[in-house]
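K.L.:
Here are the chains, one letter per residue:
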Amino acid sequence: MPAPAQRRIIFQHIDEPGYTNDLACYVKHGGYEIMKKAFQRPPAELVDEVKKSGLRGRGGAGFPCGVKWGLLDKKSGKPIYLVVNADESEPGTFKDRYIMHQDPHQLIEGIMITCFANNVKQAYIYIRGEFPHGARILEKAIAEARAANFCGPNVLGSSYGCEIYVHRGAGAYICGEETGLIESLEGKRPYPRIKPPYFPAVLGLYQCPTIVNNVETLCHVKHIAAMGGAEFAKIGTPNNTGTRILCVSGHVQKPGYYEFEVGKITMGELLNDVCGGPLPGRKFKAVIPGGSSAKVLKFGERFKGKRKVGAEMVDYDWAVEDVPMDFDCLGMIGTMGGSGGVIVMDDSVNMVEALANINAFYAHESCGQCTPCREGSLWMKKISSRMVHGAARPEDGQLLKSVADQIAGRTICAFGEACAWPTQSYVAKFGDEFKGYADAKKTAKPGGVTDLI
Amino acid sequence: MIAPAKPELVTVNIDGKEISVPKGTNVIEAARLGGIDIPHYCYHPKLTVVGNCRMCLIEMGMPAVDPATKAPVMDPATGKQKINWIPRPQIGCATNASAGLHIRTQTPQVKDCREGVMEFLLINHPLDCPICDQAGECKLQEQSTGYGRGYSRFIEQKNVKPKRTLLGPRVMLDDERCILCSRCIRFSQEIAKDDVLGFIDRGSYSTLTCYPGKKLENNYSLNTVDICPVGALTSTDFRFKMRVWFLKQTNSIDTESSVGANTVVWSREGVIYRITPRRNDDVNDTWMADSGRELYKAVAAEDRLTAVKLNGAASTLELALAAAADLFKSNAGGIAVVGSGRSSVEEQFLTKKLATALKAPAYLVSRVGQGDKILVSADRNPNVRGALVTGLIVSLPSSQLSALAAAIDAGTVKTVVSVGEDLAAAGLTAGQLAKVSVIYLGTHANATSAAARVVLPTLTVFEKNGTFVNQQFRVQKFLKAVPAPAGATDDLVVLAKLAAAASGTAVASEIGALWSAIAAAVPALGTMTFANLPETGLLLDATPWAALPFAEGETLHYKPSSAKATEGRPA
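Residue numbers (our numbering), protein chains in the order written: chain Z, 1 to 453; chain W, 1 to 571.
Treat the hints with care, as some may be off.
With a cut-off of at most 20 Å between alpha-carbon atoms, the simulated DMTMM-like pairs for lysine to aspartate or glutamate come out as follows [said to hold, decoys possible]:
(1) Z:K188 - W:D195
(2) Z:K306 - Z:D322
(3) Z:K435 - W:E156
(4) Z:K298 - Z:E321
(5) W:K111 - Z:D405
(6) Z:K188 - W:E59
(7) W:K297 - W:D112
(8) Z:K188 - W:D194
(9) Z:K306 - Z:D317
(10) Z:K140 - Z:E130
(11) Z:K401 - W:E156
(12) Z:K28 - Z:E130
(13) Z:K188 - W:E115
(14) Z:K195 - W:E59
(15) Z:K401 - W:E115
(16) Z:K401 - W:D112
DEER-style ranges, computed between Cβ atoms [what the hints assert, rightly or not]:
(17) Z:G157 - W:K46: 46 to 56 Å
(18) W:K214 - Z:H364: 53 to 63 Å
(19) W:R279 - Z:Y206: 49 to 59 Å
(20) W:T48 - Z:N149: 53 to 63 Å
(21) Z:Q12 - W:P45: 55 to 65 Å
(22) Z:E186 - W:K46: 38 to 48 Å
(23) Z:E186 - W:L479: 23 to 33 Å
(24) Z:M313 - W:G150: 30 to 40 Å
(25) Z:T237 - W:G150: 49 to 59 Å
(26) W:R149 - Z:D439: 26 to 36 Å
(27) Z:G331 - W:K241: 57 to 67 Å
(28) W:R149 - Z:G436: 25 to 35 Å
Think of the hints as simulated: they come from the structure by calculation, not from any bench. Glycine included, C-beta positions come from ideal geometry on N, C-alpha and C.
Let the sequences and hints guide you as you build the complete structure.
P.N.:
So, in structure tokens, the structure goes:
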């Protein structure tokens, strides 16, 4: 069965010849028409459409967007803020940057509809420090939109006004965590806040109710406003509605970004049919389905269990290739859809070295606020780099797993899981490689494979 | 005495034990009320909760209710309401008590969490306990013994950080020992209102430091040393001087102002090594000013008076007292008594007794400075209110003894008894001092002791028992920490003997007996004895003195009642 065709909603114009990121081009393609119509409707109706759509956040956790908006404390009398999480920093994820680089007005339209629906008067786009070009494009786009009265005071001649500001991060992964991002936006170190009591919907930016949404999520809001929540919910699969962008990197013939209806494509179809399969003479060994912090999947392992299809419980028995790429199915097999960053590793990769690389990243990015993550991530890095560059002991794999087990679930933010899950899954699934790494190191790598630095 | 407001109580279940606690109490405090220890580092009862150490992880559950009907869901196995336990461990410090809250602190998961956090805290800790000042009062030591695994699995290199960073004149930082709990940072921001500390770098390389160009030099900097759970912050005054387990702790009161911060004096073999604050939630919480910690240095100061002197020559207490008695007789009717706002209530009571017997006017000298709105008030006398309560004075004193100076000039006063007050500093000229016979009771040499006919060395607050009445009209007691130096006599003994000489009847000087006399004579203190005075003090009814324009402005736990009171009112 051939893979289903891409369905490009968000990425409709990405890489389209002749499509530019200026306002004129966007308007020529029907831009801001949806916003004009949305502004004729009561805001509560727009929130309802998003609730009906079943849209789930595209940033990593997959939290239902409508529910998030519903949690907003609207009675406090304080201003409500929208913070756009454009800190796309999960390794293996590169979707939001294309939206911002090539179609920034799509994001601005999504932001404005969201702001109007939730009575937000100020929105901040928090863009990671490594995206200077994206920040400049966004600033230009906002200026254009403001000049055309699509944002700023008295939008479209109405009494409603909303300003959008771009705020550049300084280059820290943790700023993608919503409360860390808020702290950073307030000008402090991005230490994630404890929840309770600091839920952004109640005590967010400047202790005011705040919505934090991912770039892709907000773009979806525009299309939900256009087609209606019920219609949007028909795209994809139940509880996994709409389309999502999958960023495939690593050892495939055609890495890149692909937009599919959620759950309509399996991992095998994605990697073999869409991305052209493994490199010549290689075999797939492992794949991380949702950004580097998701648990790794090993080709050859099988997943069995029961799942709900419609009203019935159905048995499933999947190889990695059979797993549908949606939030629930990936969750069921013990990993996650995460941010949509699919990282493929073939048989040239030694998993100890791959983990050493990931551990180095998380040790470098741990903010240092709470003990388990601060000390655990660096300890794991020290163990795995000693294995690679020094003396590897057969018991190191178990030690790594034990350290990781002391982190996950015990930290202030989800970074604890993000740094523990790779170690836990690598050791669980590739334990033999960890046991035998001391010997494996002595054999030369196949030709053309680069050494770990 | 005003009864505190009754808080709303809720019942929580900790390790199967039902405990009634005020609603909103966090789980660490609730457990403490039930006698259960929940280990923690970053949590401090007087600072905001940040939840970063993760040592206080506990299991938490709430009684199950049917979401539709709100009816309790019963557990058939136990016949009690089912408890929905949250699978993830929660931090106790940020979990507040609500009705029906269930907590487990002894499960395998909680044990594993604590062992894990202890292991993480120790892997990059230098473990230099043998040379660390915190040893003996280190939470890391105590809790690794109580909750750690007792062995190490860490074979990598430890992080290296600066070992000796002077954050300010009184605080030294060892970054390797720091567990990044951020207590000192929060203290500086929230209590001292001097935001100078912060972390730089990230992850396990995070390092505590002062902001560029800033120093931790405010008058509260040593509190960061007190609250540092490890040996990262040490006092430059105390470090390497003495092991804490050798030190005796004596409760005392800070005498630098009328706040009356509660303190502990740490001494060994008659030598005081440090002063730290003692928690009193109604007075100083857990804080005190750095300036008050230096006061012990007066005990062994160069200018300490240790020899009884008569007409400038060494004498004995008996001879000096006899000489004083002679002066009382020969100058009867021409005597003035200068009491002190630094004297204890008991001493002021005896000073009053002496003045009454001599039919002499009693003066007091005020010391007014700038209050810092925290724990140093504008009134630098610790016990002016004691003088009001005992009736030694009836109105607020001034800083200059101008009435006394005029009386000396007029020749109506020939003898002055000064209880520890330097009359020269209070405005008397050398000429005026030369015109009178001064009987000086005091601890340190000054112009008055030099000019005095009779010098009777007495004791510092660290060498005697007594009480002070602070700005809230709270009676608080201090106890003898170290023995008196040879040659100095307890103020009470000296005052009692002088009063006896003046009145011709014996006067009690032993503090228990003295309190019987005080209780009988002073209605405000009628129900009290020295022994039954609680550690946290006893609040007196201040209404008789409500109209007086006290000098104090607002400080921690104190708001001036008098509208006339202004900060640093010139005397």
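K.L.:
Now, for every hint given, state plainly whether the structure supports it.
P.N.:
Evaluated hints:
no.	hint	result
1	Z:K188 - W:D195	holds, 13 Å
2	Z:K306 - Z:D322	holds, 15 Å
3	Z:K435 - W:E156	holds, 19 Å
4	Z:K298 - Z:E321	holds, 10 Å
5	W:K111 - Z:D405	holds, 14 Å
6	Z:K188 - W:E59	violated, 31 Å
7	W:K297 - W:D112	violated, 47 Å
8	Z:K188 - W:D194	holds, 17 Å
9	Z:K306 - Z:D317	holds, 9 Å
10	Z:K140 - Z:E130	holds, 18 Å
11	Z:K401 - W:E156	holds, 16 Å
12	Z:K28 - Z:E130	violated, 31 Å
13	Z:K188 - W:E115	violated, 31 Å
14	Z:K195 - W:E59	holds, 16 Å
15	Z:K401 - W:E115	holds, 16 Å
16	Z:K401 - W:D112	holds, 14 Å
17	Z:G157 - W:K46: 46 to 56 Å	holds, 55 Å
18	W:K214 - Z:H364: 53 to 63 Å	violated, 28 Å
19	W:R279 - Z:Y206: 49 to 59 Å	violated, 34 Å
20	W:T48 - Z:N149: 53 to 63 Å	violated, 44 Å
21	Z:Q12 - W:P45: 55 to 65 Å	holds, 57 Å
22	Z:E186 - W:K46: 38 to 48 Å	violated, 24 Å
23	Z:E186 - W:L479: 23 to 33 Å	violated, 48 Å
24	Z:M313 - W:G150: 30 to 40 Å	violated, 48 Å
25	Z:T237 - W:G150: 49 to 59 Å	holds, 52 Å
26	W:R149 - Z:D439: 26 to 36 Å	holds, 31 Å
27	Z:G331 - W:K241: 57 to 67 Å	holds, 59 Å
28	W:R149 - Z:G436: 25 to 35 Å	holds, 28 Å
Hints 6, 7, 12, 13, 18, 19, 20, 22, 23 and 24, counting from the list given before, are not met by this structure.
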